[in-house]
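Peer 1: Same order as they appear, the protein sequences are chains A and B.
For any residue, its number in the numbering used here is found by taking its place in the first sequence, counting from 1, and adding 6.
For any residue, its number in the numbering used here is found by taking its place in the second sequence, counting from 1, and adding 6.
A portion of the hints provided could be inaccurate.
Which copy is meant is left open, so a pair is good if it fits within one copy or across any two.
To be verified - DSS-like cross-link-like pairs, simulated, lysine-lysine; straight-line CA separation at most 30 Å:
| # | residue 1 | residue 2 |
| --- | --- | --- |
| 1 | Lys14 | Lys203 |
| 2 | Lys241 | Lys111 |
| 3 | Lys171 | Lys148 |
| 4 | Lys210 | Lys83 |
| 5 | Lys271 | Lys320 |
| 6 | Lys111 | Lys148 |
| 7 | Lys308 | Lys271 |
| 8 | Lys271 | Lys14 |
| 9 | Lys148 | Lys308 |
| 10 | Lys271 | Lys241 |
| 11 | Lys111 | Lys271 |
| 12 | Lys171 | Lys271 |
| 13 | Lys320 | Lys171 |
| 14 | Lys271 | Lys148 |
| 15 | Lys9 | Lys83 |
| 16 | Lys241 | Lys83 |
| 17 | Lys203 | Lys188 |
Rather than coming from a laboratory, the hints here were simulated on the basis of the structure.
Protein chains: 2
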Amino acid sequence: MVKQIILKSRPVGFPTAGNFEIREIEIPELTTGQVRLIPHTISVDPYLRGRMNDGPSYVAPFQVGEPMAGGAIAMIKESRAEGYETGRYVMGFLPWQEEIVIEAKGLNVLDDSIAPLSFYLGVLGMPGLTAWFGLEEIGNLKNGETIVISGAAGAVGIVAGQLAKLRGCRVVGIAGDDAKVKYLLDELNFDAAINYKTSPDLYKAISEACHNGVDVYFDNVGGEISDTVISQINKFARIIICGQISLYNLTSIPVGPRVQGTLLKKSALMQGFIVSNYAERFPLVGSGKLKYTNTTYHGFEKLPEALMALFEGKNLGKLIVEL
Amino acid sequence: MVKQIILKSRPVGFPTAGNFEIREIEIPELTTGQVRLIPHTISVDPYLRGRMNDGPSYVAPFQVGEPMAGGAIAMIKESRAEGYETGRYVMGFLPWQEEIVIEAKGLNVLDDSIAPLSFYLGVLGMPGLTAWFGLEEIGNLKNGETIVISGAAGAVGIVAGQLAKLRGCRVVGIAGDDAKVKYLLDELNFDAAINYKTSPDLYKAISEACHNGVDVYFDNVGGEISDTVISQINKFARIIICGQISLYNLTSIPVGPRVQGTLLKKSALMQGFIVSNYAERFPLVGSGKLKYTNTTYHGFEKLPEALMALFEGKNLGKLIVEL
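Bound conformation, chain A alone:
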């Protein structure tokens, strides 16, 4: 018998412990083409919240009574699939279980000589690719431009900021505590970083950090922070809609100032995307120039708590759970 974390009920607003349940299940024997996996590190991401709702989003919803699932790295404990040797690590989209029997096809075997395994869930994985494609496909960064990044200390933000620095931009990060601000400034060399929770006048803080206005806005959070940034964009600005984490737990349709008038006055572009749009073009990102960090929870049963922590902004960098 192994433990599995299921979606017990759909959250109304922020997810709570009561929305999850641990149950024990039997694991079957392997058939040809399958592997038996022991999860090593499980990725905890904002998009999971959308999948806990019913109804269509950009990914299909989880079903009540069925296991939660997400990106994870796991060790191959037993294999009946060619090319998947016992003892190797793989990455894939896996249910939240202590042990998994699954078709090997589609799992990526990892090379831990390139980087720590957990980085495959971050800078070398989905969040890193998200930052890359958002900037490359929508941001159209030019040397000397100013980019503002919200959720700057999150998994995507810390990569986006560094990539923008490599492009010669002035990089301004917005985050929710002083430790994150310090990390952005001291470790990642952002040009400016703002704690929106303690800033007495966020509009002024942004305008002081962006002497020449905002050319690109990489938006991970949405809501009022974004309103304040968008009100300061330059002509021909590009707004990359990567995430809207401030809105994911709302129980009614979010309302705010209409952006269309600003986009019209500024001839500005706003575009949403999801990294899987570019799946055909995923390169292997592997430059030693990028720094990366994780916030790690330990133990399988911490998965729900880790997900709740994400929506409280407790993570610096990628949030992962190690088993």
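Take the given structure of chain A and dock chain B to it, following the hints.
Peer 2: Just chain B now, kept in the frame of chain A:
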């Protein structure tokens, strides 16, 4: 002495007759390089409302006590400029005056053998170019896609719809009275047209007209009509922000459902523009395939009334004043 219409005071909300004043001024003699013009047709456009406010928009504000101005066609009554013969017609950005002395440089001499003069203010002028560049630069239309156009019976909308038909799209227009709807269907061969004022359920009317969802939205109006269209966009939709006439007369910041979540879920693009962004690339549009119509007011002193009528949606096609 000639009459001039000045901005007497800045409107709060909809412009009223009291915001304008007619005064009489002396007209100077010509100096070298100048022409004396008698306006023939004056263009009345939504963007004029923005210029009646103080503060920056995409064009500089009119000054209180100074004349209103806009696109106009005028006859050359007297000339001291080479290439500008007396009796020819020119188009330019001209003050609202019965007679004008101005530098000839920058005025375009018109060829009335191509089309009626007034068409240079419409399908052959700014509104036609606006439709063209919005569709070409942002719309990225593909054969068989569905496009919804709001303000469809306006100067830009009637061109945009016809261009989209030529691209092989299903074209759905939204307008504010039955005569406009009839014009769109019978004269311009739109695939569907909706009177938003009498439709009992606009959401349903749009979804019925767009069997396969909305791939492109050409937005001239903003506000709740746009909310209803945007809630029905397809993945990878393009939203062209050309105008937001429903918002121009508001006295507070317009508020509505946030669009970012929809753009994110649908990997959709929303972009504002102004036709002058593409000034370097203005071609001479001159295809006999496009139909065009004007709503014409007669007499110089009707200019304020014509502008007010624009915001009440009284025009079919381009709104002009002939003197």
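Peer 1: Now, for every hint given, state plainly whether the structure supports it.
Peer 2: Results for each hint:
1. Taking identical chains as interchangeable, the C-alpha atoms of Lys14 and Lys203 are never at most 30 Å apart, the minima being 33 Å within one chain and 45 Å between chains.
2. Proximity of Lys241 and Lys111 under a CA criterion of 30 Å is satisfied inter-copy only: 28 Å between copies versus 48 Å inside one chain copy.
3. Taking the shortest Cα distances, Lys171 and Lys148 sit within 30 Å of each other inside one copy (11 Å), while across copies they are farther apart (37 Å).
4. Neither within a single protomer nor between protomers do Lys210 and Lys83 lie at most 30 Å apart by alpha-carbon distance, with minima of 55 Å and 54 Å respectively.
5. For the homomeric pair Lys271 and Lys320, the shortest alpha-carbon distance between copies (25 Å) is at most 30 Å, but the shortest distance inside one copy (37 Å) is not.
6. Taking CA atoms no more than 30 Å apart as the test, Lys111 paired with Lys148 passes in neither setting, with 40 Å inside one copy and 35 Å between copies.
7. In the homo-oligomer, the alpha carbons of Lys308 and Lys271 lie at most 30 Å apart only across protomers (29 Å), although the nearest pairing inside one protomer, at 48 Å, exceeds that limit.
8. In this homomeric assembly, Lys271 and Lys14 come within 30 Å of each other (Cα to Cα) only across copies, at 25 Å, whereas the closest approach inside a single copy is 47 Å.
9. Within a single copy, Lys148 and Lys308 get their C-alpha atoms no closer than 42 Å, and across copies no closer than 48 Å, so neither meets the 30 Å cut-off.
10. In this assembly of identical chains, Lys271 and Lys241 lie within 30 Å of each other by CA distance both inside one copy and across copies; the values are 8 Å within and 26 Å between.
11. Only between protomers do Lys111 and Lys271 lie at most 30 Å apart by alpha-carbon distance; the minimum there is 28 Å, versus 50 Å within a single protomer.
12. In this assembly of identical chains, the alpha carbons of Lys171 and Lys271 lie at most 30 Å apart whether taken from the same copy (28 Å) or from different copies (28 Å).
13. Proximity of Lys320 to Lys171 under the C-alpha cut-off of 30 Å is restricted to the intra-copy arrangement: shortest distance 25 Å within a copy versus 52 Å between copies.
14. When the C-alpha separation of Lys271 and Lys148 is checked against a cutoff of 30 Å, the pair qualifies both within a copy, at 21 Å, and between copies, at 27 Å.
15. When the C-alpha separation of Lys9 and Lys83 is checked against a cutoff of 30 Å, the pair qualifies only within one copy, where the shortest distance is 17 Å, while the shortest distance between copies is 91 Å.
16. Taking the shortest Cα distances, Lys241 and Lys83 never come within 30 Å of each other, neither inside one copy (56 Å) nor across copies (40 Å).
17. Taking the closest pair of Cα atoms, Lys203 and Lys188 come within 30 Å of each other only inside a single copy of the chain (14 Å); across copies the shortest separation is 55 Å, beyond that limit.
This entry does not satisfy hints 1, 4, 6, 9 and 16, going by the numbered hints stated previously.
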